[in-house]
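Protein chains in written order, with this note's numbering: chain Z, 7 to 136; chain E, 421 to 571; chain X, 233 to 567.
I should point out that these hints are in silico values taken from the structure, not numbers from a laboratory. Be careful, since some hints might not be right.
[Unchecked claim] A short list of chain E residues far from chain Z (calculated; beta carbon distances all over 10 Å):
{"id": "1", "residue": "Phe447"}
{"id": "2", "residue": "Thr474"}
{"id": "3", "residue": "Val545"}
[To be verified] Only pairs whose alpha carbons sit at most 27 Å apart, straight line, appear in this in silico DSS-like list of lysine-lysine:
{"id": "4", "chain 1": "X", "residue 1": "Lys245", "chain 2": "E", "residue 2": "Lys540"}
{"id": "5", "chain 1": "Z", "residue 1": "Lys115", "chain 2": "Z", "residue 2": "Lys133"}
{"id": "6", "chain 1": "X", "residue 1": "Lys388", "chain 2": "E", "residue 2": "Lys428"}
{"id": "7", "chain 1": "E", "residue 1": "Lys560", "chain 2": "Z", "residue 2": "Lys82"}
{"id": "8", "chain 1": "X", "residue 1": "Lys245", "chain 2": "E", "residue 2": "Lys436"}
{"id": "9", "chain 1": "X", "residue 1": "Lys260", "chain 2": "X", "residue 2": "Lys388"}
{"id": "10", "chain 1": "E", "residue 1": "Lys428", "chain 2": "X", "residue 2": "Lys260"}
{"id": "11", "chain 1": "X", "residue 1": "Lys428", "chain 2": "E", "residue 2": "Lys436"}
{"id": "12", "chain 1": "X", "residue 1": "Lys406", "chain 2": "X", "residue 2": "Lys278"}
{"id": "13", "chain 1": "Z", "residue 1": "Lys41", "chain 2": "Z", "residue 2": "Lys115"}
{"id": "14", "chain 1": "X", "residue 1": "Lys299", "chain 2": "X", "residue 2": "Lys530"}
{"id": "15", "chain 1": "E", "residue 1": "Lys560", "chain 2": "E", "residue 2": "Lys498"}
{"id": "16", "chain 1": "E", "residue 1": "Lys428", "chain 2": "X", "residue 2": "Lys526"}
{"id": "17", "chain 1": "E", "residue 1": "Lys498", "chain 2": "E", "residue 2": "Lys526"}
{"id": "18", "chain 1": "E", "residue 1": "Lys433", "chain 2": "X", "residue 2": "Lys428"}
{"id": "19", "chain 1": "E", "residue 1": "Lys526", "chain 2": "X", "residue 2": "Lys526"}
{"id": "20", "chain 1": "E", "residue 1": "Lys436", "chain 2": "X", "residue 2": "Lys426"}
{"id": "21", "chain 1": "Z", "residue 1": "Lys127", "chain 2": "Z", "residue 2": "Lys114"}
{"id": "22", "chain 1": "X", "residue 1": "Lys426", "chain 2": "E", "residue 2": "Lys498"}
{"id": "23", "chain 1": "Z", "residue 1": "Lys46", "chain 2": "Z", "residue 2": "Lys89"}
{"id": "24", "chain 1": "X", "residue 1": "Lys530", "chain 2": "E", "residue 2": "Lys540"}
{"id": "25", "chain 1": "X", "residue 1": "Lys426", "chain 2": "E", "residue 2": "Lys445"}
{"id": "26", "chain 1": "X", "residue 1": "Lys299", "chain 2": "E", "residue 2": "Lys433"}
{"id": "27", "chain 1": "X", "residue 1": "Lys245", "chain 2": "X", "residue 2": "Lys526"}
{"id": "28", "chain 1": "E", "residue 1": "Lys560", "chain 2": "Z", "residue 2": "Lys133"}
{"id": "29", "chain 1": "E", "residue 1": "Lys498", "chain 2": "X", "residue 2": "Lys388"}
{"id": "30", "chain 1": "Z", "residue 1": "Lys46", "chain 2": "Z", "residue 2": "Lys76"}
{"id": "31", "chain 1": "Z", "residue 1": "Lys123", "chain 2": "Z", "residue 2": "Lys133"}
{"id": "32", "chain 1": "Z", "residue 1": "Lys29", "chain 2": "Z", "residue 2": "Lys127"}
{"id": "33", "chain 1": "E", "residue 1": "Lys433", "chain 2": "X", "residue 2": "Lys530"}
{"id": "34", "chain 1": "E", "residue 1": "Lys428", "chain 2": "X", "residue 2": "Lys426"}
[Claimed, not checked] If the Cβ cut is set under 10 Å, some of the chain E residues that face chain X in the computed set are:
{"id": "35", "residue": "Lys433"}
{"id": "36", "residue": "Ile499"}
{"id": "37", "residue": "Glu524"}
{"id": "38", "residue": "Lys560"}
{"id": "39", "residue": "Thr561"}
Backbone N, C-alpha and C fix where the C-beta goes; we use that ideal spot for every residue, glycine too.
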Amino acid sequence: MKKSIIVFLMLLLLGACSNEKEKVIFPADNSASLKPIMQKQETIHGYKSVINEENILVAININRFARFNKTKIEEKITKQIEKQFPERQVLVTGDQKIMWEVESIIDKKLKEEDLKKSIEKIKSLSKEET
Amino acid sequence: MDQQQFQKIVDEKNPKVPYFLNILKAFIVGGIICTIGQLLTFFYMRFFPFTEGTAANPTVATLVFIAMILTGTGIYKKIAQFGGAGSAVPVTGFGNAVISAAIEHKSEGYVLGVGGNMFKLAGSVILFGVLSAFVVALIKTILVSIGVISW
Amino acid sequence: MVNTFGTLQFITKISIANTGIVAGPVEKDGPFAESFDEVLPLETEKNETNEQAHSRMIEMACQWAAKNGHTQLNNIDVLIAGDLINQLSPSNFAARSLALPFLGVFSACASSVEAIIIGSLLLESGNARTVLAGASSHHPAVERQFRYPLQYGAQKPKTAQWTVTAAGFALLEKELNDVPVVTHATIGRVIDGKQKNPLHMGAAMASAARDTIERHLTNTKSQMSDFDVIMTGDLGNIGISILKEMFQDENSGVILQDAGAQFYGNEPFFNAGASGAGCSAAVFFGQIYDQLKKGVFKRVLLVATGALLSPLTFQQGETIPCIAHAIECRMEKRS
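Using the sequences and the accompanying hints, generate a full structural model.
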């Protein structure tokens, strides 16, 4: 019993170590000018992004201790992206829920209409107040 | 025997409070409660449309509900005797304070008994919580308006 | 009757004809359990308030005391009772259904001995033939009044004591043979040891206990070693060790004992031990009475200690004044 707990804890530990920092932009062909902006951010260790004609959705993994400045980091990145894409609506968030939603979009490889719907859903979700 | 001598004996005989052990116990119990809370938050985010910001509400409600069952069955009291501040500071401690008072005063009826006494212990938590929030907001407003920090 | 600063000597043989003890379910595992007449299966029955359970327990104890003493309840001249609840309501309500002439007494946990002293005086003066005297406490009812709600999770320190659920009543009559006799009593003074912690009442009460014991020994011209045991009411583990330290008598270590410290048999769950008006009543009229009757003890001093605090006074920052009443009981040799 004790042994199995130790093994389990070790697995968790090693699992945490080997978790690769994913950096994905979907659809990939649209990523040309977004990628350099995201690459130069030092306070994050991963991001997943969804882009269509009107919206840019970026879910970011903020470094552990930089999370105290979550709002500031989000704002900073939003401004930088807005400069690059003035015609699109930008949403940058460190929220884990949005991250999961974006992941599910990427996994399902949604196209056109469905993508638009999902993005709208996520945007309304993130606007909800407590 | 005068007061001083008596006080000396009392101080001598008083048992030492094991501060370090108490802190450790409080850390473990508080940590376990908070871990359960975090798991609940993930649960609500994963399976329901809650974000990190909004998932706190159902989490708190669930924790208070669990505290209610533990209080009613008398288990929370035992956890508290072991954990001390570890069980009093999380929201479950607040729930326990409200629910234990409500159970206790049920014998005086629902309006004057339960209604009137439910927040007998928790009332001060609410009052000073609101008061300290006001003070903190005031300080931040002043600091922002003189330009030391930004929102 | 000679009065020397609070110590009374009874000329008449004030005999404790019998006793009745009723205790709660928590108390049945303690070392004194075999001397209880009845153990309640539940502290509070369903659809019953704590206070109702409390007064039912008092009635039961009175009935046991009368029954064991082969007396009809309605033959009793006076009932003297005390408890810890506001306005003595459980005792009053019990007296309502027992329909006896009733005196309510309060000196916190020292009520049991105060009731015996008043009862003895009534017998001594010839104004009563049988008196039922005693005290009681009920854990949920007392905790609720003096501390937090019962299920509230507040960590109790090592000095805290557990209020017992018990009622102890003694049937006092005159001139009986082969039963313990109350020979002396010392009325306590209110002593303030300048203690402020309501969760450490043993320290507060120790100085009152010392004052009463010392006056009793001086006034009766006796020494600690003359007694088989000097039993204090509910000082608890820490309170009794403070009291022992205050007497620099080499006998104090053995002869001074505390009912509260022994009540739950040193179970760490109860921290410093038991407290409450029912604690001293249940032990004095239970175990000690039985030992006297059997002849194991010949002469004992029973000192019930009471902390005269209310939830109001300690929140207002007052110190805890305390009182201790003592009775001396003797068992004459069997003829």
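Hints, one by one, checked against the model:
| no. | hint | verdict |
| --- | --- | --- |
| 1 | Phe447 | 19 Å, holds |
| 2 | Thr474 | 5 Å, violated |
| 3 | Val545 | 19 Å, holds |
| 4 | X:Lys245 x E:Lys540 | 52 Å, violated |
| 5 | Z:Lys115 x Z:Lys133 | 24 Å, holds |
| 6 | X:Lys388 x E:Lys428 | 23 Å, holds |
| 7 | E:Lys560 x Z:Lys82 | 22 Å, holds |
| 8 | X:Lys245 x E:Lys436 | 48 Å, violated |
| 9 | X:Lys260 x X:Lys388 | 22 Å, holds |
| 10 | E:Lys428 x X:Lys260 | 37 Å, violated |
| 11 | X:Lys428 x E:Lys436 | 18 Å, holds |
| 12 | X:Lys406 x X:Lys278 | 41 Å, violated |
| 13 | Z:Lys41 x Z:Lys115 | 19 Å, holds |
| 14 | X:Lys299 x X:Lys530 | 26 Å, holds |
| 15 | E:Lys560 x E:Lys498 | 41 Å, violated |
| 16 | E:Lys428 x X:Lys526 | 41 Å, violated |
| 17 | E:Lys498 x E:Lys526 | 22 Å, holds |
| 18 | E:Lys433 x X:Lys428 | 16 Å, holds |
| 19 | E:Lys526 x X:Lys526 | 47 Å, violated |
| 20 | E:Lys436 x X:Lys426 | 20 Å, holds |
| 21 | Z:Lys127 x Z:Lys114 | 16 Å, holds |
| 22 | X:Lys426 x E:Lys498 | 32 Å, violated |
| 23 | Z:Lys46 x Z:Lys89 | 15 Å, holds |
| 24 | X:Lys530 x E:Lys540 | 51 Å, violated |
| 25 | X:Lys426 x E:Lys445 | 32 Å, violated |
| 26 | X:Lys299 x E:Lys433 | 44 Å, violated |
| 27 | X:Lys245 x X:Lys526 | 18 Å, holds |
| 28 | E:Lys560 x Z:Lys133 | 24 Å, holds |
| 29 | E:Lys498 x X:Lys388 | 11 Å, holds |
| 30 | Z:Lys46 x Z:Lys76 | 17 Å, holds |
| 31 | Z:Lys123 x Z:Lys133 | 16 Å, holds |
| 32 | Z:Lys29 x Z:Lys127 | 22 Å, holds |
| 33 | E:Lys433 x X:Lys530 | 32 Å, violated |
| 34 | E:Lys428 x X:Lys426 | 12 Å, holds |
| 35 | Lys433 | 5 Å, holds |
| 36 | Ile499 | 7 Å, holds |
| 37 | Glu524 | 4 Å, holds |
| 38 | Lys560 | 34 Å, violated |
| 39 | Thr561 | 36 Å, violated |
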